[in-house]
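Trainee: Top line first, the protein sequences correspond to chains D and E. Each residue of the first sequence is one higher than the last, beginning at 0 in numbering that gives the first Met the number 0. Each residue of the second sequence is one higher than the last, beginning at 0 in numbering that gives the first Met the number 0.
What the hints contain is simulated information worked out from the structure, not anything from laboratory work. The beta-carbon is built from N, C-alpha and C at its ideal position, and this holds for glycine as well. Hints may contain errors.
Going by beta-carbon spacing under 10 Å, a handful of chain E positions derived as facing chain D [to be verified]:
(1) Glu33
(2) Lys43
(3) Leu55
(4) Asp59
(5) His69
(6) Leu113
(7) Arg126
(8) Lys140
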Amino acid sequence: MSLLGENYYTEEGEFVINIGPQHPSTHGVLHLKVWLDGETIKRVQPHLGYIHRSIEKMSESLSYRNFIYATSRMDYLSAHINNEACALTVEKGLQIEAPPRAQAIRILLAELTRLSSHLLWWGCTGLDLGAVTPFFYAFREREMILDIMEETCGARLTQNFMVPGGVMYDIHPNFQKRTKDILVQVKSKLGEYYNILTGNPIFEQRTKGVGYLSAEDAISFGCTGPIARASGVSCDVRKWFPYEGYDKLEFKEILLTDGDCYARYMLRMAEMSESISIIEQLIDNIPEGDIQTKTKQVLKLPKGEFYQRVETARGELGVFIVSDGAASPYRIKYRSPNFSNLSALETMAKGSKIGDLIAIMATMDLIVPDIDR
Amino acid sequence: MSNEALQESIVQLFPSAEFDGTGEFLTVTISAAEFYPLMNTLSKDEAFQFNYLFCLTCIDWKTHLMMVYHLLSRTHRHNLVVKVKLSDCENPSIDSITSLWKTAEFHEREVFDLFGVHFNNHPDLRRLLLDENWDGFPLRKNYVDENMIAL
Chain D
0 MSLLGENYYT EEGEFVINIG PQHPSTHGVL HLKVWLDGET IKRVQPHLGY
50 IHRSIEKMSE SLSYRNFIYA TSRMDYLSAH INNEACALTV EKGLQIEAPP
100 RAQAIRILLA ELTRLSSHLL WWGCTGLDLG AVTPFFYAFR EREMILDIME
150 ETCGARLTQN FMVPGGVMYD IHPNFQKRTK DILVQVKSKL GEYYNILTGN
200 PIFEQRTKGV GYLSAEDAIS FGCTGPIARA SGVSCDVRKW FPYEGYDKLE
250 FKEILLTDGD CYARYMLRMA EMSESISIIE QLIDNIPEGD IQTKTKQVLK
300 LPKGEFYQRV ETARGELGVF IVSDGAASPY RIKYRSPNFS NLSALETMAK
350 GSKIGDLIAI MATMDLIVPD IDR
Chain E
0 MSNEALQESI VQLFPSAEFD GTGEFLTVTI SAAEFYPLMN TLSKDEAFQF
50 NYLFCLTCID WKTHLMMVYH LLSRTHRHNL VVKVKLSDCE NPSIDSITSL
100 WKTAEFHERE VFDLFGVHFN NHPDLRRLLL DENWDGFPLR KNYVDENMIA
150 L
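In isolation and in its complexed conformation, chain E is listed as follows (with noise of 0.2 Å):
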């Protein structure tokens, strides 16, 4: 499917949903409260097929989180990005995709762990790098390590 019908697709299905053509990719921004039904549809709906999550990750806007999944159909060749704004810094939440997709177990397992953002239904949610221990979460720029060594 080419980016246009991608997008005209999903926006007879999450009318709210935000698009962003600019970059490599198809961009689509959606709500947390929406962002489960859409996978679900994104990863069952024949059209879609998007049977592949090949990068999963989160990025510190300071202001707010934002949930960066990057999605690939190994049937119909073609890329979305899906991303969700977390504007709760302090306990950031949102449903995860496992039962979607294998993989994000492990890679919410991390964003967990150097993030803090909890997902919602995760099998077996620990930390996954850090010690349990650990205090904060390093990614985030407003991490503080007093032992840490300015190059």
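Excised from the complex, chain D in its bound form (with noise of 0.2 Å):
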């Protein structure tokens, strides 16, 4: 494989052309081959591995307060819920949990993080289809919340906030306000975030009936979150196998049965509203304590496999861990879920047009760092 690709004609009269790892739509280093037949897409193949850094290999000699870490570089919209995720795994081998009040903060943290990474979405998916403005509101209200982020955890992106036995710092005094007040922003934007884009005719005309995905396909696939649910299958971790007090809270599994873009791109925006009142219902009610459970200073983790899963903004985030009794995994494997989502790439596009490509392409919201791992 030449990492330049060459655009040619098949034998057969198809033109070949790659798009990317350099193109604009495919947010990162997507490399896909497209066979055209006129403007019909015929096949899609992509070519993955351009940041492949393997942190399955780096994370068998790092130690299990560390490997955590390196999981922010992986879905890095949703670095809280990885962390959270290998939190979880390592917690579930030593049998402890976290106290209530870090679970609160964890779970504040991740709706947080689901809200502001389903704003970049939001912005990318309008940049992609032609319509600049939304990526300049959709900014305007991350940017508020990347703030928070920031005085609470230190970090903005790759926040690494989450240990084992719960979460590293108490949140700043200014969590509880500043998060109302974004509460507030958003939910008064939201109304404006449909209008701009949801009712524009060219905007509907080019997502309706684009890209389906058959349930079956999808679950045949591995899909999972909200492209899966767009296609009207359940498979929210939060309610099939909740966590840290998930099923304590009152929040809906968002489903539509349309399976097109048009589907996952209003299943975004409804699971905006149910993220803000998960963290409304929550953010009062922090209950008070300690922050983090007593754990030893060197982890080890009981021989044996460890998996869980959690709910990142893209779907399932499986983090399966072999102990062999050491003070580092022995083996660790991400089930990612854009590697899956991605998968079904070829089923979505075969038969469209290449322009409806970058409208699949923009409503899967593939976060490449987390397919090659």
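Build the complex from these two chains, which are given one at a time in their own frames, with help from the hints.
Mentor: And the structure:
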């Protein structure tokens, strides 16, 4: 495989072009080889590995405290939730649980992360489909969330705030007030979001009926998150396998059945409201108490296998740790949501026009570092 | 289906299967020869209906390789882990299950890439993450990279 893909005609007269690895609509270094008949897509083949860092191999030489922080660099828009998944797996192995205050803080930060991730996706989707304004609107709100992150965690994107047994520090005194401010802000602007993009006839034409994925295919491809739920597959880990006390909160798992780009769009928009409602339930009810369970200096997991899944902004992230009793994992596997979601791309795109591929990519919301790991 | 019921129904069909119920999920270990028939039954049989393969990976235990498949039934809400021991570390091979779960295609390519396990009947078995000319399989325990820097 040469790094610079060449465009050529096949013997059957199909035109083969390369989209990416440096293409504005791929949101990272994803390289797609597309077989075209005129403008119609015949085949799509993703080429991966441009930012493969082998985080799994790296983790094998890191301690159970340190490997967590490498995962911030996987799905960098859900860094909190990745860290949370790892911390939960280690806690499962040690048979400890984070104190109630830490759990509440984790949920709050996770939902803020989900909100900011969906905001970024909304802005970029508009950008990909030719509407520049949403990008600036979305980033205005997202910036406020990142400021909260910076104040409490010390970092904006790679927060590294989770430790096995709880969270690293207590929340900043301003946290509650600023979070409430952002909720008011986002809630008042969500209507504007719908006005500017959702009802737009050009946007609807480019997304309705485009990139259809059936429920059977979604399950068979292992799709999770908004992509599967837009095809009517119930898969929200927060409902199926509740963790951190999500079962005590009231929220809906949103399901749509159209399975097209528009359904995926509407679903994420509705999920933002659900995240806001979860934060609202918790923000005034953070229990008092410790933020960490007491753990030993050097953590050692007992011999065995531990699997923990969480719902990131893009679907089900699974962390599979195999321990041989030593101070670092023997083998670690990240079942990343984007990796499985990407495999359904060809099924979605086959038979569509090349312009539709951009709409499909936009509503799939792929994060390439999470695919390559 | 409960774990006990699962174990009973599988034993009736595959008497040689070994079970381990100590972990989080019920684990069944099966020989490579009986692997595909078992997976075929698990995915298609009405009583099992394991329609969602959520994790597929491999573990290098130095003396042998262990393939691990995590299955979930979205209809019956039961979990099962299927394990296959591959004793031949030089040329490990196992049947592909791409025809049963489409997600296996990418996951098997990843295992082929990083562990060097050959999947029979895979439609498109190529390296996924690394360059085609890459030497060795990085996730194997005996992999040595002279450019590697210990942190």
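Trainee: Now tell me, hint by hint, if it's right for this structure.
Mentor: Here is how each hint holds up against the structure:
Given the 10 Å rule on beta carbons, the hint for glutamate 33/E is violated: about 22 Å separates it from the nearest Cβ of chain D. Hint on lysine 43/E is violated. Least Cβ distance to chain D is approximately 12 Å, over the 10 Å limit. A hinted interface residue such as leucine 55/E counts as satisfied when its beta carbon comes closer than 10 Å to some beta carbon of chain D; here the least separation is about 8 Å, so the hint holds. The criterion of a C-beta within 10 Å of any C-beta in chain D is met by aspartate 59/E, whose closest approach is roughly 7 Å, and the hint holds.
With a cut of 10 Å, the hint placing histidine 69/E at the interface with chain D holds, because the nearest CB-to-CB distance is about 7 Å. For leucine 113/E, the shortest C-beta to C-beta distance to chain D is roughly 8 Å, which falls under 10 Å, so the interface hint holds. With a cut of 10 Å, the hint placing arginine 126/E at the interface with chain D holds, because the nearest CB-to-CB distance is about 8 Å. Taking 10 Å as the C-beta cut-off, the interface hint given for lysine 140/E holds, the closest approach to chain D being about 9 Å.
Checked against the numbered hints given earlier, the structure breaks hints 1 and 2 and satisfies all the rest.
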